[in-house]
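Engineer: Sequence:
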Amino acid sequence: MKFTMIYGPSGVGKESVARELAKRKNWRLFPQHLAFDISCAVIGFGNDGFEAYQRKICIEAFQTFIDKNINGLVFTFCYVHPASNIFIEVLLEILERNNISPNFIKLSCAYDEHVSRVIDERRKNTNKIQSKEYLDNYLNKFDFSTDIPKVQTFHIDNTGMSIQATAAEIEHYLATNKEINILP
Numbered sequence: 000m001k002f003t004m005i006y007g008p009s010g011v012g013k014e015s016v017a018r019e020l021a022k023r024k025n026w027r028l029f030p031q032h033l034a035f036d037i038s039c040a041v042i043g044f045g046n047d048g049f050e051a052y053q054r055k056i057c058i059e060a061f062q063t064f065i066d067k068n069i070n071g072l073v074f075t076f077c078y079v080h081p082a083s084n085i086f087i088e089v090l091l092e093i094l095e096r097n098n099i100s101p102n103f104i105k106l107s108c109a110y111d112e113h114v115s116r117v118i119d120e121r122r123k124n125t126n127k128i129q130s131k132e133y134l135d136n137y138l139n140k141f142d143f144s145t146d147i148p149k150v151q152t153f154h155i156d157n158t159g160m161s162i163q164a165t166a167a168e169i170e171h172y173l174a175t176n177k178e179i180n181i182l183p
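Reading the sequence shown from the start, the letters are residues 0 to 183 in numbering that gives the first Met the number 0.
Quick caveat, the hints were computed from the structure, so don't treat them as lab data. Treat the hints with care, since some could be wrong.
[Claimed, not checked] Simulated crosslink set (SDA-like; lysine to any residue; CA at most 25 Å straight-line):
| # | residue 1 | residue 2 |
| --- | --- | --- |
| 1 | Lys1 | Val79 |
| 2 | Lys127 | Gly159 |
| 3 | Lys149 | Asn98 |
| 4 | Lys140 | Ile37 |
| 5 | Lys123 | Gln163 |
| 6 | Lys127 | Tyr137 |
| 7 | Lys149 | Ile37 |
| 8 | Lys67 | Ala21 |
| 9 | Lys67 | Arg54 |
| 10 | Lys55 | Leu91 |
| 11 | Lys140 | Ala21 |
| 12 | Lys22 | Arg121 |
| 13 | Lys149 | Phe44 |
| 14 | Lys24 | Glu170 |
[Claimed, not checked] Between beta-carbon pairs, the in silico distance windows are:
| # | residue 1 | residue 2 | range |
| --- | --- | --- | --- |
| 15 | Gly45 | Glu170 | 17 to 25 Å |
| 16 | Arg96 | Ser130 | 38 to 46 Å |
| 17 | Ser130 | Ile93 | 32 to 40 Å |
| 18 | Phe44 | Thr175 | 25 to 33 Å |
| 19 | Asn139 | Thr175 | 32 to 40 Å |
Glycine is no exception: its CB is placed at the ideal position from the N, C-alpha and C atoms.
Please put together the full structure from these sequences, using the hints given.
Structural biologist: Structure representation (structure tokens):
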């Protein structure tokens, strides 16, 4: 199985790009917000056990994808340093145990474009960030600038890029990247 994580803060286009990449590669898509939404419904955002439950949902989903022997998976994730490191360590253990060499792609965009994406009408009726004020608070509260430790990350600033162009750039990277991404 091929595993590609597209990460970055909410609103940079991770899910849209991941959906296009999954379609191009005939892979499955698993956006983190699915586990987030379930955890909100079951535990309640911010309540004790929320993060652990969300991690459990993701890990069980990954193991199911592996057991089903799917061709590939694109996972979108909001990596927050250092809070997400527990999840990343477990994920890397599962991938290593199953001989899966992952690829990590970090998306970013210019602030003005980030704001316009967040307030876009297509985000309405979701649990996603939908205002400049919320985005500003979110970006100030959490560290999205740090790369995931111990892995090689391919960076894409997709400011002014279409979803298709960004997915094509990732597809090209995946086709030419032959290195193991886990660093010592």
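Engineer: Are the Cα atoms of lysine 149 and asparagine 98 separated by 25 Å or less?
Structural biologist: 17 Å, holds
Engineer: Verify the CB-CB distance for glycine 45 and glutamate 170 against the hinted window 17 to 25 Å.
Structural biologist: 37 Å, violated
Engineer: Given the range 32 to 40 Å, decide if the beta-carbon distance of asparagine 139 to threonine 175 lies inside it.
Structural biologist: For asparagine 139 and threonine 175 the Cβ distance comes to about 37 Å; the hint holds.
Engineer: Could you say whether the range 25 to 33 Å given as a hint is met by the Cβ separation of phenylalanine 44 and threonine 175?
Structural biologist: 40 Å, violated
Engineer: Quick one, are lysine 22 and arginine 121 close enough, alpha carbons at most 25 Å?
Structural biologist: OK: lysine 22 and arginine 121 at ~20 Å, within 25 Å.
Engineer: Lysine 1 and valine 79: Cα distance at most 25 Å?
Structural biologist: Given pair lysine 1, valine 79 holds - Cα atoms ~24 Å apart, limit 25 Å.
Engineer: Checking one constraint from the list: CA of lysine 24 to CA of glutamate 170, max 25 Å. Satisfied?
Structural biologist: 8 Å, holds
Engineer: Do the alpha carbons of lysine 67 and arginine 54 lie within 25 Å of each other, as the hint requires?
Structural biologist: 20 Å, holds
Engineer: Lysine 149 and phenylalanine 44: Cα distance at most 25 Å?
Structural biologist: 29 Å, violated
Engineer: Given the hint of 38 to 46 Å, is the C-beta distance from arginine 96 to serine 130 inside that range or not?
Structural biologist: At 41 Å between Cβs, range holds.
Engineer: When you check the alpha-carbon spacing of lysine 67 and alanine 21, does it fall within 25 Å?
Structural biologist: Answer holds: lysine 67 to alanine 21 is near 17 Å, not above 25 Å.
Engineer: Is lysine 123 close enough to glutamine 163, meaning Cα to Cα at most 25 Å?
Structural biologist: Roughly 22 Å between the alpha carbons, so the hint for lysine 123 and glutamine 163 holds.
In this structure, the hints that do not hold are numbers 7, 11, 13, 15 and 18, in rising order.
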